[in-house]
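Chemist: Here is what each chain is made of, one letter per residue.
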Amino acid sequence: MLVLGIESSAHTFGVGIVDGGRVLANEKAMYKIGTKGMIPREVAQTHISNCNAVISAALSKAGIKINEIEGIGYTKGPGIGTCLQVGQLAAKTIAARLCVPIAPVNHGIGHIEIARIMSGLKDPVALYVSGGNSQILKLSKASRRRYTVLGETFDIGVGNMFDTFARSIKLDPAWGSTVEKTAEGGKYVPMPYTVKGMDFSFTGLLTHASRLAASHRKQDVCFSMRETSFSMLCEATERAMLLSGSSEICVCGGVAQSARLREMLKAVADEHGARFGFAANEFNADNGGMIAFVAERMLTRGAEEKLRDCTIEQRYRIDSAEVFA
Amino acid sequence: MTKPISEGAESRIYPTEIFGIDAIAKVRGPKAYRVPLLDVSIRSTRTKKEAKIMALALSHGVRVPRLLGVSDYSIYMEKIHGNLMKDAKISGKQAEMAGTLLATLHNAGIVHGDFTPANILIGEDGKLYLIDFGLSEISHGAEGRALDLLLIKRQMGVRLYTKFVKNYSQGVPSAREIIKRLAEIEKRGRYQTRTLG
Ligand SMILES: Nc1ncnc2c1ncn2[C@@H]1O[C@H](COP(=O)(O)OP(=O)(O)O)[C@@H](O)[C@H]1O
Ligand SMILES: [Mg+2]
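If you're matching them up, the sequences are chains A and B in order.
The numbering of the first sequence is our numbering, which starts it at 1 and goes up by one.
The numbering of the second sequence is our numbering, which starts it at 1001 and goes up by one.
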């Protein structure tokens, strides 16, 4: 089934096209985050001006015409309201014009499912790590129709911690990924390490690192922050895997692009003879491909939504979304 | 060393013998994913903390295995002959005893952090022994105590939990406040969905 998916929950406007689980196109345009962070109205404006161009780019990449599309998916949430509305409106317009079925998709489910299925895993413990999210999840045993949250952050997402720190010590560019680059060759200095069972917290680490930055080499603080936070995630993931009886780990979301995090999780998996998987980086950053991917699975199972019920939900909980594993 | 009798997320249990007593060693081994300095620090801090809390619990009359020694990353303790509560058919009497056990622990100012039938041993003497203080904290707050109750409630089922909580309430002065907190926690979404089912 040729399905077009639209993602617009935050600073990325993405359009993906899939057919039978194969991603034919995955195009995007991004809002440039300035020193003030994201201003919702401005981001939405940017999405509106990029909308047509990104859709056209995806169609020509896939080598198809718009009227060949057989189904539509869009991100229902969670995300910024005004941004979500842009994708929702575009998706509903296309669906109405083409008279094709439409499916609202949970953003986090998009990340997890594309990583899980593309890496060939059946029942992994999934570590979903992005700016706003840091959670450990697993398909519920009974139905395999929902993800259950096994563990999560008590406060901020790990990506958010890196971003905030990058801005506070004026890294250039001031993104989380620069922290990882700056960390190369650094030395470890002790940092607060907070894991409670399968849950964890990052604010203590952020505050401490920001304070240390005044008196220590940037390199060492970045290195220690990265090592400490990733070790926390690994410990909680390891415990979740053993307690839930799984023998697979997958990682997804923006922070899953980190080579170091993958290397550490691979070591966790190896210690227990478990399998480890992740998706290509284009699917870890926000993208429309994963939305199309999940929407196709929904639509081929008859989970289409009536146009008038195609809402957005800023706080759409990942464990309330039905999945078709 | 010999083969471990149990392998957990952060430690392995080995059989051993100390002063002619059957003993076990709980060993926190290295984790390849961590940088060495952090690895060493986590393992030694947790080993010391667990031993300290075990000793504290013992001094307040909580039945735990006798401590026989502590080294950098290992705790040596008496081996309890018997069965894990999770492998036994729990009787009403045993549920009540578990209630008293948790009450004594909470009165000592300790929150267990992983209070499940997998961490209670039923000795050959019929008595209950509490083990695994790896996630324990010194705390007098209602939240941690309520979470201990939540975990055991989930695992025991209604009938046994009713007996459990009767004895627990008799033993803990602030039981009403803790049980009220438990009800609040159960209403919060994320805990409702957190069973592994
Ligand atoms: N003192 C003991 N006597 C007998 N068996 C023990 C003792 N301590 C631990 N064990 C056994 O080892 C297992 C794991 O020990 P535990 O302290 O719970 O570590 P973990 O953190 O791996 O759960 C227990 O479930 C029990 O079977
Ligand atoms: Mg245990």
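Warning: the hint list may mix true and false statements.
[Claimed, not checked] Some chain A residues close to chain B (C-beta under 10 Å, calculated; not the full set):
1. I117
2. S119
3. M241
[Stated by the list, open to error] Here are the computed lysine to any residue pairs in the SDA-like style, where the Cα-Cα straight-line distance is at most 25 Å:
4. B:K1049 x A:A259
5. B:K1153 x A:I80
6. B:K1153 x A:S320
7. A:K196 x B:E1177
[Said to hold, decoys possible] So these bits of chain B aren't anywhere near chain A, every CB distance computed over 10 Å:
8. E1078
9. K1093
10. K1180
Note that these hints are calculated values from the structure, not bench results.
The model shown is predicted, which means the values in this text are computed figures rather than measured ones.
Virtual Cβ for every residue (Gly too), placed ideally from N, Cα, C.
Chemist: Which numbered hints turn out to be false for this structure?
Modeler: 1, 2, 4, 5
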